[in-house]
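Visitor: Sequence:
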Amino acid sequence: MYSALYSSHPLDLLSYPLTYTYFSVIDHYIRFIKDPTSIPHKSFVRTLQSFLFLYEDNPKNIQKLNNFAFTEQVPYECIAPSQLYRLETSLYPEGAQYYSTCKYKLTFPMLYTTYSKQFIKLKKVHATQEVFHLNRSFLHLQKRLVYSNFHDETLLPTLFKVTNAESFIKEVSQLVQYLTGKSQTN
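In our numbering, the protein residues as written are 31 to 216.
Bear in mind the hints are in silico, worked out from the structure with no lab data behind them.
Quick caveat, the model's predicted, so the values are computed rather than measured.
Ideal Cβ placement from N, Cα and C applies to all residues, glycine included.
Check each hint, because a few of them may be wrong.
Just the calculated beta-carbon pair ranges, DEER-fashion [unchecked claim]: (1) S80 - H156: 24 to 34 Å; (2) T210 - T131: 31 to 41 Å; (3) E107 - K133: 11 to 21 Å; (4) T188 - N97: 16 to 26 Å; (5) G211 - S120: 41 to 51 Å.
Using the sequences plus the hints, can you model the full thing?
Guide: See the structure below:
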């Protein structure tokens, strides 16, 4: 994990195509679960297919996704979004300090906006170690924010229970098949 999130060239998780598509899938899927009519069906399927295009049958990209998104395992805890910042501060203060604007209520747009602003500030001053902390805390907060949408672990969709890139890709592929009405051929 350390080598993936920390390097001499700080990685912007929301601009890097491989991680951007991963976070887009999560964001779209959460909105789809909450309200299937909230996003156009074709747009959702297109997001999923874009993700699959980058990862299916590409071991190098799969390994990168494992390194960036699945090395920081966060156990399921249903915590109110208003408490997520406080929890992150107690567990990982080095990274949480960059998200103080999310202190009282955390949403995906707020998390993404705060991350982007902080990344730009840190990159300007070449603060590589600080970007590592920013990225790590972002992954923690993002995962916990996903969990906050499900009041019981049994309600958590399989897509959010997976612990590696291969399983995530398989779940996305099955979701595309379900949404497009194609039968599984496995």
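Visitor: Determine whether the Cβ-Cβ distance between E107 and K133 falls within the hinted range of 11 to 21 Å.
Guide: 19 Å, holds
Visitor: Is it true that S80 and H156 lie within 24 to 34 Å of each other by Cβ?
Guide: 32 Å, holds
Visitor: G211 and S120, beta-carbon distance inside 41 to 51 Å?
Guide: About 46 Å separates the Cβ atoms of G211 and S120, which means 41 to 51 Å holds.
Visitor: Are T210 and T131 spaced within 31 to 41 Å by their CB atoms?
Guide: Given about 39 Å between the Cβ atoms, the range holds.
Visitor: Using the C-beta atoms of T188 and N97, is the stated range 16 to 26 Å upheld?
Guide: 22 Å, holds
Every hint from the earlier list agrees with this structure, and none is contradicted.
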